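J.: Same order as they appear, the protein sequences are chains A, B, C and D.
Residue 196 is where the first sequence starts when you use this note's numbering, and the numbers rise one by one after that.
Residue 196 is where the second sequence starts when you use this note's numbering, and the numbers rise one by one after that.
Residue 196 is where the third sequence starts when you use this note's numbering, and the numbers rise one by one after that.
Residue 196 is where the fourth sequence starts when you use this note's numbering, and the numbers rise one by one after that.
Think of the hints as simulated: they come from the structure by calculation, not from any bench.
Be a bit skeptical, because a hint or two may be false.
All copies of an identical chain are treated as equivalent in the list; a pair is satisfied when it fits inside any one copy or across any two copies.
Said to hold, decoys possible - Heads up, simulated DSSO-like pairs for lysine-lysine below, C-alpha to C-alpha not over 30 Å straight-line:
| hint | residue 1 | residue 2 |
| --- | --- | --- |
| 1 | Lys368 | Lys388 |
| 2 | Lys388 | Lys228 |
| 3 | Lys204 | Lys228 |
| 4 | Lys368 | Lys228 |
| 5 | Lys204 | Lys388 |
| 6 | Lys267 | Lys368 |
| 7 | Lys388 | Lys267 |
Remember, predicted model here, so these are calculated numbers, not experimental data.
Protein chains: 4
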Amino acid sequence: MPSRDVRHKSAVALILVDVINHFEFPDGLRLLKNALRIVPRLARLKERARRAGIPTIYVNDNFGQWRSNASKLLEYCLRPEAPGRQFVVRLRPDEEDYLVLKPMHSAFYQSPLDVLLRHLGASSVILGGLATDSCIVCTAHDANMRDLGVFVPSDCSAARSRRQHQQAIEHIKTISSVNVLRSSALRLESLRKQMRPDRFAKS
Amino acid sequence: MPSRDVRHKSAVALILVDVINHFEFPDGLRLLKNALRIVPRLARLKERARRAGIPTIYVNDNFGQWRSNASKLLEYCLRPEAPGRQFVVRLRPDEEDYLVLKPMHSAFYQSPLDVLLRHLGASSVILGGLATDSCIVCTAHDANMRDLGVFVPSDCSAARSRRQHQQAIEHIKTISSVNVLRSSALRLESLRKQMRPDRFAKS
Amino acid sequence: MPSRDVRHKSAVALILVDVINHFEFPDGLRLLKNALRIVPRLARLKERARRAGIPTIYVNDNFGQWRSNASKLLEYCLRPEAPGRQFVVRLRPDEEDYLVLKPMHSAFYQSPLDVLLRHLGASSVILGGLATDSCIVCTAHDANMRDLGVFVPSDCSAARSRRQHQQAIEHIKTISSVNVLRSSALRLESLRKQMRPDRFAKS
Amino acid sequence: MPSRDVRHKSAVALILVDVINHFEFPDGLRLLKNALRIVPRLARLKERARRAGIPTIYVNDNFGQWRSNASKLLEYCLRPEAPGRQFVVRLRPDEEDYLVLKPMHSAFYQSPLDVLLRHLGASSVILGGLATDSCIVCTAHDANMRDLGVFVPSDCSAARSRRQHQQAIEHIKTISSVNVLRSSALRLESLRKQMRPDRFAKS
Numbered sequence: 196m197p198s199r200d201v202r203h204k205s206a207v208a209l210i211l212v213d214v215i216n217h218f219e220f221p222d223g224l225r226l227l228k229n230a231l232r233i234v235p236r237l238a239r240l241k242e243r244a245r246r247a248g249i250p251t252i253y254v255n256d257n258f259g260q261w262r263s264n265a266s267k268l269l270e271y272c273l274r275p276e277a278p279g280r281q282f283v284v285r286l287r288p289d290e291e292d293y294l295v296l297k298p299m300h301s302a303f304y305q306s307p308l309d310v311l312l313r314h315l316g317a318s319s320v321i322l323g324g325l326a327t328d329s330c331i332v333c334t335a336h337d338a339n340m341r342d343l344g345v346f347v348p349s350d351c352s353a354a355r356s357r358r359q360h361q362q363a364i365e366h367i368k369t370i371s372s373v374n375v376l377r378s379s380a381l382r383l384e385s386l387r388k389q390m391r392p393d394r395f396a397k398s
Numbered sequence: 196m197p198s199r200d201v202r203h204k205s206a207v208a209l210i211l212v213d214v215i216n217h218f219e220f221p222d223g224l225r226l227l228k229n230a231l232r233i234v235p236r237l238a239r240l241k242e243r244a245r246r247a248g249i250p251t252i253y254v255n256d257n258f259g260q261w262r263s264n265a266s267k268l269l270e271y272c273l274r275p276e277a278p279g280r281q282f283v284v285r286l287r288p289d290e291e292d293y294l295v296l297k298p299m300h301s302a303f304y305q306s307p308l309d310v311l312l313r314h315l316g317a318s319s320v321i322l323g324g325l326a327t328d329s330c331i332v333c334t335a336h337d338a339n340m341r342d343l344g345v346f347v348p349s350d351c352s353a354a355r356s357r358r359q360h361q362q363a364i365e366h367i368k369t370i371s372s373v374n375v376l377r378s379s380a381l382r383l384e385s386l387r388k389q390m391r392p393d394r395f396a397k398s
Numbered sequence: 196m197p198s199r200d201v202r203h204k205s206a207v208a209l210i211l212v213d214v215i216n217h218f219e220f221p222d223g224l225r226l227l228k229n230a231l232r233i234v235p236r237l238a239r240l241k242e243r244a245r246r247a248g249i250p251t252i253y254v255n256d257n258f259g260q261w262r263s264n265a266s267k268l269l270e271y272c273l274r275p276e277a278p279g280r281q282f283v284v285r286l287r288p289d290e291e292d293y294l295v296l297k298p299m300h301s302a303f304y305q306s307p308l309d310v311l312l313r314h315l316g317a318s319s320v321i322l323g324g325l326a327t328d329s330c331i332v333c334t335a336h337d338a339n340m341r342d343l344g345v346f347v348p349s350d351c352s353a354a355r356s357r358r359q360h361q362q363a364i365e366h367i368k369t370i371s372s373v374n375v376l377r378s379s380a381l382r383l384e385s386l387r388k389q390m391r392p393d394r395f396a397k398s
Numbered sequence: 196m197p198s199r200d201v202r203h204k205s206a207v208a209l210i211l212v213d214v215i216n217h218f219e220f221p222d223g224l225r226l227l228k229n230a231l232r233i234v235p236r237l238a239r240l241k242e243r244a245r246r247a248g249i250p251t252i253y254v255n256d257n258f259g260q261w262r263s264n265a266s267k268l269l270e271y272c273l274r275p276e277a278p279g280r281q282f283v284v285r286l287r288p289d290e291e292d293y294l295v296l297k298p299m300h301s302a303f304y305q306s307p308l309d310v311l312l313r314h315l316g317a318s319s320v321i322l323g324g325l326a327t328d329s330c331i332v333c334t335a336h337d338a339n340m341r342d343l344g345v346f347v348p349s350d351c352s353a354a355r356s357r358r359q360h361q362q363a364i365e366h367i368k369t370i371s372s373v374n375v376l377r378s379s380a381l382r383l384e385s386l387r388k389q390m391r392p393d394r395f396a397k398s
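Just chain A, same shape as in the assembly (with noise of 0.2 Å):
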């Protein structure tokens, strides 16, 4: 079991949020309904990352389980009678992805996520997933406040409602280092070799 190779060196990696997910809490079949529509594009820009060398880490809800065991959460989420599994089964990690787990909505809060980033050399990430108005608004202030820049491709996450989708958009919007576009406007060649200025200065 040798250390993984973190030969990803990338100034950007793409954080996957609660996307092995299954849906069991409230108005859980309601966020479902609106997550199934970001699949094609999530999937496309994940398929995209991989070919531009751009990491991808799955920061991942433990959903009260603390066994620190993905693979059983993955197995839950994909069972036959799961209601997720078609959300579940196209978005599944591949084995050149990274997974942490986090036990509460910000990707970064008592998360290993700021270590993972060092090691990967990112400055920025690109933040897709659920649900846009809790976990991604949380985890856009948070990389904010971690001087990350952020990208929210707004065709990329989703939330209870459609309105729910929209207003968190616009309220992220607001954050500094944010910035908000459609999936397709990303550059990732050029993402991936753009140390942001900014945050680690040279003398």
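For chain A, the structure is supplied; the task is to place chains B, C and D on it using the hints.
T.: Coordinates of chains B, C and D only, in the frame set by chain A:
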């Protein structure tokens, strides 16, 4: 996959640091030699905790895997030819134990341990595992800064040499909220009920 | 210089965010205009808190000074020609208030607020101040993730425009542990005594 | 009050821990006795740093005051009858130095030090001050976990006894990213320019 029943409500938790270990690092075999000596005491302490209704939390290095797959790590450490198999096999997690991953030395740094302790209602921790002079020292300092009560049974942790273990124990004794004692002197029944008065003061 | 008598033991604390403010940033005067409107309510809330034995904690931006000299910052904001003088003069800290500095938006991020709340025995916070759509939103999310109870009186914070304030309040309402209400509806006497049962559960 | 000109861009920062000290705690006078011995070396190191363009950051306990008023604390420590006056008077902050407050032992825990280092562009720290076996040990562990380079000049910190100082230095030597050396061996000009390659890797 219902959220785990955090029925464990207990004022103290047993923290086992880096017990799921492959010992594949410089001086790993030296550490293993000393680690094997503490197995009986650590196994006994864990069993006593279980009987007293005290939760056991494995806080384990992710060993650079970044996949949140503790069962795969456990499997790797338990394969027939694994050097530390004898150690890990006798101390592996049971069904009711908790397990969280940490990316660096301290059990608290960028791990969800704080949140889990809060959910369990624990205001004190008992620290055991590896290695006394790195992860145990760091974790004891961090627990102290969080105003947690800290118990370090000197016969339940190990370092690369007895001298390093002993020096680290001497250093740990100087941390203000830490009690160093023999594991047999731990009054578990009483600790389980004993909320620290100065931590969560009532109005 | 004896350590401050943290005699304030209270289950709730009033947090005033960025109230010591020079308003010297883009759109600062627009923010000030709306800020002046909340002065009577905020001053009244603080006075009610004082009478109820609830501690007030100013959590203030260091405005890039990095000198930990809040009195100098206060002096600067109170000089005769300061644009925000009218705001700051009526809301400035009293002798018994606490004051901590924060480097970024959230009152919790890299500030000692967590430690201070722990010392005070507070498990809930009331949030007021500036600006609703940045620091108040961030702080509400962070308080929620720490399992604190959160009260946001909608008439005690302000943003650059009424619309931005209102949208932020709508977003804040969706955060799970947050209660949005009018300041006059806050039952301070009762909140001071009401430890959150699910935060610091006893064995 | 323009934001401070963080013109200091430097790959290293000198951190002075708990140097603004009233020594009014158990064994404070014992600590002071040893603290006085390091004054010439610490003063000299600070002067060398200044000439080399390396920023000095005082990271100081708030001594339970919770008012973010460092100048009042300094005044208190410098009054004629203050036991530590001789120590503090020779090491007090100059106009260009930075000063942040910490609530507990480590210079990083719930302080804005991380943010300040980021703004300065620093990826290494030199640690001096009080006391070797508590705050300096904690801070060295925390800097190591943040992948910062760490230099601990053994003649620029002190503890309650020489033995405690020496034991702590021996422990600090075992922390992986730490270099322990005499202050005269620090190559400041070179350190100022030397970004740690493994910290902020470029794509």
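J.: With reference to the structure, classify each hint as holding or not holding.
T.: A quick look at each hint next to the structure:
Taking the shortest Cα distances, lysine 368 and lysine 388 sit within 30 Å of each other inside one copy (24 Å), while across copies they are farther apart (37 Å). For a Cα distance limit of 30 Å, the shortest separation of lysine 388 from lysine 228 qualifies neither inside one copy, at 36 Å, nor across copies, at 43 Å. Taking identical chains as interchangeable, the C-alpha atoms of lysine 204 and lysine 228 are never at most 30 Å apart, the minima being 36 Å within one chain and 37 Å between chains. With identical chains, the CA atoms of lysine 368 and lysine 228 are at most 30 Å apart both within one copy (24 Å) and between copies (23 Å).
For the identical chains of this complex, lysine 204 and lysine 388 are neighbours both inside a copy (9 Å) and across copies (23 Å), given an alpha-carbon limit of 30 Å. In this assembly of identical chains, lysine 267 and lysine 368 lie within 30 Å of each other by CA distance neither inside one copy nor across copies; the values are 36 Å within and 34 Å between. Proximity of lysine 388 to lysine 267 under the C-alpha cut-off of 30 Å is found in neither arrangement, the shortest distances being 35 Å within a copy and 34 Å between copies.
This entry does not satisfy hints 2, 3, 6, 7, going by the numbered hints stated previously.
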